[in-house]
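Enquirer: Below are the chains, spelled out letter by letter.
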Amino acid sequence: MATSLRINGTAHNVELPEDVPLLWVLRDEIGLTGTKFGCGVAACGACTVHIDGEAVRSCQVALGDVWGDVTTIEGVGTPDAMATIQRAWVEEQVAQCGYCQSGQIMQAAALLAENPDPTDADINDAMQGNLCRCGTYPRIRAAVKSAARMMKEA
Amino acid sequence: MASVGKILRRTFLIGSTAIVGGVAFGAYMVSRPAANPLQPGDGEAALNPFVFIDQEGVTLIAPRAEMGQGVHTTWAALIAEELDVALEDVRVLHGPPAKAYYNTAMIGEVLPNKGYDISDFQHNLGELLGVVGKVVNLQVTGGSTSMRDGFVRMREAGASARETLKEAAAQQLGVPRDQLRTDAGKVIAPDGTELSYSALAPAAAGIDPIEARLRDPAQWRYLGQTVPRIDIVAKSTGTAEFGVDVRLPGMKFASVRINPRLGGVMNGFDDSAARNMPGVEQIVDLGNGVAVVATNSWLAAQAANAIEIDWGAAPYPPETDGLFAEIAKAFDTRANSTMRDDGDVSTIPSSATRIEAEYKLPYLAHATMEPMNATALYTGTALEIWCGNQSPTFQQSTCASIAGLETEDVMVHTTLMGGGFGRRSELDFAGYATQVAMAMQGTPVQVAWTREEDMTHDFYRPGAMARFTGAVDGGQAVMLDGQIASQSCAQQAMGRLTGMQMGGPDKVLVEGAFNQPYAIPNYRIRGHIAELDVPVGFWRAVGNSHNGFFFDTFMDEMAYAAGADPLEFRLALMRSEHAPSAGCLEAVREMSGWTGQTPDGVGRGVGFTYSFGTPVAQVIEVVDEDGTIRVNKAWIACDMGIALDPGNVRAQMFGGMIYGLSAACYEEITFADGAVEQLNFPDYEAMRMHTAPEVEVRILETNTHMGGAGEPGTPPAAPALGNALFDLTGIRARELPFSKTFDLLI
Ligand code: FES
Ligand code: FES
Chain A
1 MATSLRINGT AHNVELPEDV PLLWVLRDEI GLTGTKFGCG VAACGACTVH
51 IDGEAVRSCQ VALGDVWGDV TTIEGVGTPD AMATIQRAWV EEQVAQCGYC
101 QSGQIMQAAA LLAENPDPTD ADINDAMQGN LCRCGTYPRI RAAVKSAARM
151 MKEA
Chain B
1001 MASVGKILRR TFLIGSTAIV GGVAFGAYMV SRPAANPLQP GDGEAALNPF
1051 VFIDQEGVTL IAPRAEMGQG VHTTWAALIA EELDVALEDV RVLHGPPAKA
1101 YYNTAMIGEV LPNKGYDISD FQHNLGELLG VVGKVVNLQV TGGSTSMRDG
1151 FVRMREAGAS ARETLKEAAA QQLGVPRDQL RTDAGKVIAP DGTELSYSAL
1201 APAAAGIDPI EARLRDPAQW RYLGQTVPRI DIVAKSTGTA EFGVDVRLPG
1251 MKFASVRINP RLGGVMNGFD DSAARNMPGV EQIVDLGNGV AVVATNSWLA
1301 AQAANAIEID WGAAPYPPET DGLFAEIAKA FDTRANSTMR DDGDVSTIPS
1351 SATRIEAEYK LPYLAHATME PMNATALYTG TALEIWCGNQ SPTFQQSTCA
1401 SIAGLETEDV MVHTTLMGGG FGRRSELDFA GYATQVAMAM QGTPVQVAWT
1451 REEDMTHDFY RPGAMARFTG AVDGGQAVML DGQIASQSCA QQAMGRLTGM
1501 QMGGPDKVLV EGAFNQPYAI PNYRIRGHIA ELDVPVGFWR AVGNSHNGFF
1551 FDTFMDEMAY AAGADPLEFR LALMRSEHAP SAGCLEAVRE MSGWTGQTPD
1601 GVGRGVGFTY SFGTPVAQVI EVVDEDGTIR VNKAWIACDM GIALDPGNVR
1651 AQMFGGMIYG LSAACYEEIT FADGAVEQLN FPDYEAMRMH TAPEVEVRIL
1701 ETNTHMGGAG EPGTPPAAPA LGNALFDLTG IRARELPFSK TFDLLI
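Line by line, the protein sequences are chains A and B.
Its first residue numbered 1, the first sequence is counted upward by one per residue in this note's numbering.
Its first residue numbered 1001, the second sequence is counted upward by one per residue in this note's numbering.
Derived by calculation from the structure, the hints in this document are not laboratory data.
By construction, the Cβ of each residue, glycine as well, lies at the ideal position given by its N, Cα and C atoms.
Heads up, none of these hints are tricks.
Which bits of chain B does chain A cover? Going by a derived footprint, with three or more residues having C-beta under 8 Å, they are: (1) 1231 to 1242; (2) 1245 to 1254; (3) 1293 to 1307; (4) 1366 to 1374; (5) 1647 to 1661; (6) 1673 to 1685.
Computed beta-carbon distance windows for the label pairs: (7) Glu-1735(B) with Gly-53(A): 42 to 48 Å; (8) Ala-42(A) with Asp-1473(B): 55 to 61 Å; (9) Gln-60(A) with Glu-1308(B): 24 to 30 Å; (10) Pro-1217(B) with Thr-10(A): 50 to 56 Å.
Taking the hints into account, I'd like the entire structure generated from these sequences.
Expert: Next comes the structure, spelled out in structure tokens:
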């Protein structure tokens, strides 16, 4: 049976069993590959998306349980029209391999929406579920802070 | 933008420089001061293509894989520096498998010298031997060699392209070439006439590439500066395409389950429950496992898990203890190598204090963020493979032999990769994709592994043991005698890659121990190979990853026995041996304000390893917070001679240290019933935002030879941390991970 979803402002009808995690709906069905698979057990954060603005692990949300509008990294901004947080990520040259960064950005965006002026401790709390095997942590921290600054100035 | 496939179809690699509307330039193998007996003949340059110019602009065909280390950006900068194009106007494509792209620096590493002591003659010889790489198709990204390999070749490619384009303009305008100049992708005549490179490309294609002198580093615009990474926007917007993001029309998704008893057979399976599960299209017998092809990766994985499989036994002792018993036995076998034997370790002054220690390090998984995967399309007469990989020539020949095709009928597309760390130099993931594609002729299939499959089917960093004996006298080390025992990952991996058995002394097994720049008068290192069939491979920094810990921890133990400050103890033995190494230690002493004293509740340790031509010193500070220990700060100093992109070097140094600290603190692969017990990140933790230390990196540039950046940050991390934990607690942990001995923040 078909399930309807709103993803990045567009309505989709998906023909998949309801227990398929949202991550695999996005990646294999809709073709939104910016959201990544890292563990499938809520331990890495690579699959982070927003549902109604809240950061969630899409590997843990079954298709049938999606409770609101989904935003993925593709819905945050595009190479030609980057969001402030993405500009901060570019400015701080955060990415190495880059695989974890969609999840990092989605997690950080949710943090900043709730807390426009996060301290180091706030950043530690919010970001510790997002693994980066390349070790880009200092630049993620710097980018969160510079995004906070840019958002205030805007 | 042109794809590699499109470029190839335009006969680009078949030996002609003439292509429709464009031109390709290669780099010359320049002759070195010592005459090169293997100098390639005329016309060879055209077969070494790196720079491609067409109506859309300049493209670098990068034969080295981008796994986060920034090689594409730096190689583009090397080209742009000589070619006079803006860096942001250079596009980069992963090169196809081709002999022209062999890795000269990696072959140089095979020479049995210590590295830091090599003369210019040996250095040149190393590069000459690089030609051998071409013979065995060693197009491999690894060994921290990309910068050394590309440093001259890429600039030559850029310079040659520039002069050839100028020659085309000279002929067109009737102006001598030396009166023309170049800027921003154009040739400019004295009267101000401008011709774009794209416009000149067709004419340049008919001109033999011109050899040109390289510019004086004083004129560099990009090199030596931090430049924006060319992939940074894509990687900040989710648009960078990794192997697992490849999407082809009509593509299916597959999941594999291979025998967890690694190398064991499959006796049989029952797929009756899986066959009717949603989305399932086909179940493929892989011989040592199964693949389920479905309409969705997750549905494929669910069905794969529903198959009952009867697995055969592992070809090695099934429990961790049994494996280490075999490793320990290797100490009693004849040494495979004695790469250093200075003085006489058997005679020491009677006044000296003798110390001994035994160390044990676990097997380790790579755990790249992006699990292994490959996408393949088999048509019956040809095979195309898309995957992130560090060795496309080997992928090509292996997949060809699996499919029963000629090598030239197999096309390998190298994508970006979500981490490599050595794992993606292996061929298994592309091999399985080939098998599945053959069962699905005409349909592209992506074979993506679950994290569990990835973690339990790695080519692991071998478990390793060491026995060290030393003597100190008058506050100085007078003797050090070390034995290292482990499986030989180099022999096993090279056998897999090339199909040739590699024998002889294994330098990799003892690197990071035999070649440390200390003037210890009696200094011997022997390597012992444990004959075991656990799959082992190249893990970031390879042998240095265990030997850095053994050797440097023992140095710290000797300093303690000598009653000396550990940093001064190392420095005293290093100054006369290798000044750039001593410079790194002096730098971290100053940066950290090292006094040898720490307040209660704070511990500091120093660590040092010379690897891949780069000395790296680290000071790490740990703090005790109500009984839980946190890694608080780190200071790193390195000297790779020339830092082509300091921002990237800093990122690599920190990233390398974090990779080493993750392993040192938390990571261990163990075996039960022949299978790996760790399945996913909860069993194999890593440094995270709240556990990673604050860090300061200083880059020195006094080394006369160019060293690597991607790996040398890893080896000193574990000993520096262990030495800090000893300073804090008085407990010397001789086994890793440290979480077994200490209560670390997690
Ligand atoms: S894939 Fe969802 S948290 Fe790792
Ligand atoms: S940038 Fe590679 S895993 Fe984070």
